[in-house]
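Enquirer: Residues per chain are reported as follows:
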Amino acid sequence: MKQGDNRTSEPFEGDRLWRSLEELTDPASAASAALREFPADNPWRGPDRADAPSRRRFLQVLGASAAMAGLVGCSDRPVEEKIVPYVRQPEQVVPGRPLIFATAMPFNGYGRGVLVESHEGRPTKIEGNPDHPASLGATDVFMQASILSLYDPDRSKTVTRAGRPSHWGAFATELTQRLEAKRQSGSRGIAILTGAVASPTMGAQIKDLRRRFPEIAWYQYEPTARVNTMAGAQAAFGRPLTTLYHLDHARIIVSLDSDFLFEDPMSLRYARHFANARRVRSDTREITRLYVAESTLSITGSMADHRLPVRPAMITQITHALAARLGVAGISKLQFSGELDRFIATAADDLKQHPGTGVVIPGEAQPPEVHALAHAINQALKNVGTTVTCVEPAEVEPTDVRQALKKLVEAMENGTIDTLLILGGNPAYTAPADIPFAQALEKFSNARVADGRLTNFTARLGSHDDETTFLCQWHVPEAHYLEAWSDVRAADGTTSIIQPLILPLYAGRSAHELLALMLKETAQSPYELVRAHWRAQRRDSGDFEQWWLDTLKKGVIDGTASAPVQVGAAKIPAPSSTPSTSVTSLDLIFRPDPCVWDGSFANNAWLQELPKPFTKLVWDNAALISPTTAHRQGLWDGDAVTLMISGKQVDAPVRVLPGLPDDVVVAHLGYGRRRGGAVATDENGVRGFDAYALWASSTPGFATGLTLQKRSRRWELVATRNHHAMSALQGVDHVAGVKPHLKPDVVVTPETSRDELELKNRRLVRVVSLPQFRSNPQAVRELGGESAKKPVLSLYPTSWDYSQGPQWGMSIDLQTCIGCNACIVACQAENNIPIVGKFEVARMREMHWLRVDSYFSGSPDRPSVYHQPVPCMHCENAPCEYVCPTGATTHSTQGLNEMTYNRCIGTRYCSNNCPYKVRRFNFFAFGYQSSKGPEQLQKNPDVTVRTRGVMEKCSYCVQRINRTRIEVEKTVLDLTEQQRTDEARQRRQAMYNDLQTACQQACPTGAIVFGDITDRQSTVATLKAQPHDYTLLDELTTRPRTSYLARVTNPNPALGEGGVA
Amino acid sequence: MAQLFKPWTNSLARGTIYVLILGGALGGWIAYGIQTSPYASYQGVVRDQPVPFSHEHHVGGLGIDCRYCHTSVTDSSFAGLPATQVCMTCHSQIWTNAALLEPVRQSWRTQTPIHWTRVNSLPGYVYFDHSIHVAKGVGCATCHGPVDRMPLMYQAQTLQMRFCLDCHRDPTQYLRPRDQVFNMAYQPPPDQARLGRELAERYHVRDVQSLTNCSTCHR
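Listed in order, the protein sequences are those of chains D and X.
Just so you know, the numbering used here puts 739 at position 739 of the first sequence, and the rest follows in order with no gaps.
Heads up, the numbering used here is the position in the second sequence plus 10000, with the first residue counted as 1.
Source of the hints: derived by calculation from the structure; they are not laboratory data.
Possibly wrong hints are sitting among the right ones.
Ranges of calculated distance between the beta carbons of each label pair, as one might list FRET restraints [said to hold, decoys possible]:
1) D/55 - X/10117: 50 to 58 Å
2) X/10061 - D/70: 27 to 35 Å
3) D/121 - X/10109: 16 to 24 Å
4) X/10160 - D/559: 56 to 64 Å
5) D/99 - X/10046: 31 to 39 Å
6) D/714 - X/10023: 30 to 38 Å
7) D/100 - X/10061: 24 to 32 Å
8) X/10099 - D/167: 35 to 43 Å
9) D/974 - X/10160: 31 to 39 Å
Quick look at which bits of chain D chain X covers, simulated, 3 or more residues with Cβ under 8 Å [claimed, not checked]:
10) 319-325
11) 885-896
Which bits of chain X does chain D cover? Going by a derived footprint, with three or more residues having C-beta under 8 Å, they are [to be verified]:
12) 10124-10135
13) 10207-10217
The model shown is predicted, which means the values in this text are computed figures rather than measured ones.
Each residue gets a CB set at the ideal place from its N, CA and C atoms; glycine is no exception.
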């Protein structure tokens, strides 16, 4: 960044890149690790794992493998296969061609539109629905991984009573008898507990239920419900409202601890709009500027132009100061000093200069006061109506869920209820620590009258035999959202019908069915219930059947988005007493886990093995602390600590994360499950630590007064952050002796020669500022020492003619990649990529074809963060191809670097020779052997399931390319037969333009673009012609087909470049 | 000290070398023979089927088109097997009491599908698409043989990689006009080489390098 001004003289010291503190402080060993394909040391090798063979043993194995190699080459005689045609072939089903259905996934209470691919009745892949406002065609990790949850072998399969198998009929009889008896005695004492409900049909059912049982109590509990956001609107406008942001209009965005790019119900929409306003092309004059003040390191924070890590309680004061500077009435000025003041002043000035195109976004973790103030600021800046609107909440009845749970516990304890139905959720695990829900439920379920009969009735509809099921009398398996009809509203009110793709695998029931049973309705199938509801809604509007079909096809009900409501001037609540941020104690921050969310995805192995953003931790959560805090407390990665806060304590492993504010500990909810499946729990007991045990209902976002106590035990944490290092030459070994917890200095010395520097600095991630880019569009190329594309000299004959289209290529925009990981899970689902488990990941054997590297630069306290997705580069001069002894990896005429599994004998020379380290080897039959359970139904039939001993890697989704190519050829053939060649050409290009790889289709920001690079009109070709397009490790003359667009920052000149730091 | 090795051991050593070479060659020849034999490829092997369906009768005798039953052959990778309903369009009217057809009637009665044995089978890592071959003028009989003369179904070719590559390396030998694809009686004209070249151009058949990309069939 600094070198941009005087590029030619100054060394590139400001932006040495590192992926972890180890790489920063110990570049020598990082460099040697980068030279190796796999770690020299097995990190967990103990005496019992001494798998280093003796010389004699080695020779034995060598001889045996040589002898067996010939035999292994023989394949089995083909087994007899059966073909089972339909008895009556359903309309539209063409065997071998998938069908796509539109439906919606309920997540955190709200709906997100999805398209589901189904192969002969078997859903295999989730994509976003472009027509749905909360998806816009994109998906996040949870949507992608939800397909695996459908086939989870640990889902509960039968109705149980007191843990013993029963059946639906017995349950229905007991429930109806009990309810009938209650109805005659005044219907007192019935309670239902649901998650946040945004389903119109369910809302209507509950209304009916209240009519039938006037005294029924309905409680909602959702651990990650947006309570503070609603309470903020309540404080400002006197009623709960949902705030929606319109970031495509925004020029200045100020985030106050909000991770709107990842955690918001509308985050996919926000991410797309943010990226649209942030994208840089050669003619771009202006992009959005993002200020982030935050108490964690969030995905949004990593995209900031100016990021201020602060302790969480400071956000309130910053908001006050911002409000005071922006002329919000009734705010007394707060004085700050130093960088805090500069940050506030600059952000305020920028906002003031952009009335109507700025926006202030408060985070859910912050108290309602901050939200109310943000409303006032946005009103003062005239942003309301342009970048901010308020709409009625999508929920049937917006509730303060934690208060609701508290009331339910009181009701259970004082005996005002005696019949409790828990529909969905897992409150016994997710309840805050100060609400003794689990204890109350246990007592409630087991209370007996004098003659030994149970006093109360508890039933639970749930997907797994989990913590809540354990404490209930009855358990009914819950249908997955791909198994049952329903409907759901998105946060902006847009309603979708949830249509199932498959019959319930385990006779699961939906909440609608249970409610219909309580209502004694005759029509009890969810299909009839949902249809009946909508038929009643649309009594006066024409042909229902046609409307129903159209709606199902589109995936959204037209005209259901809530209209913006007019609100009065925001009332500003009296400033609460500023929480004392004690110097001696720490703050504890709670966030839903970026992979398993509130714990509901804990049994999803794809998400468990997904490297978490920034930490790249897998299969665990950890107490995250800043490097300085770690130094002060004498802690390092994997140290066990006891976290103690207001009388509660829990043991947790420590993980140091650069970029966090000092004196805070970030704890992700969702781990430490005690029941709920083989993946959610560990074979030795608990996986990760349970942050809910520290989570108090009064301080949902963060709490102060945490103390840490170091324990002697160590915790085996596995992270992929140092895996697959591409550049061995990033550092100079001067600082090899520096202890990891000491802050390192800049490592480039004046003696370092310029040539050496250029070689040491491979510029994997290139960053320029917008003014630099505008004044010198070649800045990005110059950063890499390649002012112009050098001609590639080669002794090899050019074997391919790359001028004939289509030639496939990919462009990845580092400017808009937010590091959300959706591409990784999408790739995993599309390409049948197995998971390998924590131990194998520790040995660097994870199988993800696509990884997202997070690079830091700058000081460990205030680093800039860059995300870089790395798939196979599909080099035109691919180093892997030359070394394959069997020709299993070859080049195609369309520029694909192909991997032919049946030819691979597993020498692994190719991955050894790959400078990008994108090849993955099946050390065990990861994918093949596990194909015994229901999860094999998820496998994509268009992609080979690889067996042991086979190399694999990104194929640019060759199955999708081939599917499109075949369709193109058939279409073009029919057209040219009729001598319509012009039309044929256009159709061909249009069809190729519609072709998307799985990662591209999932990407919320459109950062990944794939296509035909010989078609000059194609998006990918225009991107590759941009001046800030560059390739990785260009000097190796591999000529990658995957190229990157540089990150372009937009710093405020008043603050200097690269953030406040 | 007596000689360790008698003179005849020279012959033994020489003989051992010959035996090794010849034995290796013989072994290779046997292995190759097994690999290409019907034992491994199932070429020409009639499989047991729940109903002894005769293509000879239905195609050759009655003249029913391939696409009447294999409906998705022009649209999908998989040609498709007829649903029981397709059989019953005729057999609810004719041969309604034939004992041979009992499995079909039973399937229709009980709504349980018939389990046919697959005859033409490819390994799991091979992705063959019927629709594109049919579209480009590859006749059914080119791979499936004289189906209209098969009383019971068998696999006509080895369907091993060499068989596929034979055509992918030079498709002009086998191409026929698109309107002749389903014609079982089609005979290539004497000037097939010229016709093949002409058709390859007219149908935009890709060049040999593209046709032999690994990912054309393996993915």
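Enquirer: All hints, please: hold or fail.
Expert: Hints, one by one, checked against the model:
Hint check: residue 55 of chain D to residue 10117 of chain X, Cβ distance near 52 Å, so the stated range 50 to 58 Å holds. Here the CB-CB span from residue 10061 of chain X to residue 70 of chain D is close to 49 Å, at odds with the stated 27 to 35 Å. At about 23 Å, the CB distance of residue 121 of chain D to residue 10109 of chain X agrees with the hint of 16 to 24 Å. Taking the beta carbon of each, residue 10160 of chain X and residue 559 of chain D are about 59 Å apart, inside 56 to 64 Å as hinted.
Hint check: residue 99 of chain D to residue 10046 of chain X, Cβ distance near 35 Å, so the stated range 31 to 39 Å holds. Hint check: residue 714 of chain D to residue 10023 of chain X, Cβ distance near 59 Å, so the stated range 30 to 38 Å is violated. Between residue 100 of chain D and residue 10061 of chain X the beta carbons are some 41 Å apart, a value that contradicts the proposed interval 24 to 32 Å. For the hinted restraint 35 to 43 Å between residue 10099 of chain X and residue 167 of chain D, the CB-CB distance of approximately 42 Å keeps it satisfied.
Here the CB-CB span from residue 974 of chain D to residue 10160 of chain X is close to 32 Å, well matched to the stated 31 to 39 Å. With a cut-off of 8 Å between beta carbons, the region 319-325 of chain D has 0 residues touching chain X; three or more are needed, and the interface restraint is violated. Here the region 885-896 of chain D counts 5 residues with a CB under 8 Å from a CB of chain X, which clears the bar of 3, and the coverage holds. Note: the region 10124-10135 of chain X has 7 residues with beta-carbon separation from chain D under 8 Å; the three-residue rule is met and the coverage holds.
Figure legend: the region 10207-10217 of chain X, annotated as covered by chain D; annotation consistent (7 residues with Cβ-Cβ distances under 8 Å, at least 3 required).
Going through the hint list in order, the structure does not satisfy hints 2, 6, 7, 10.
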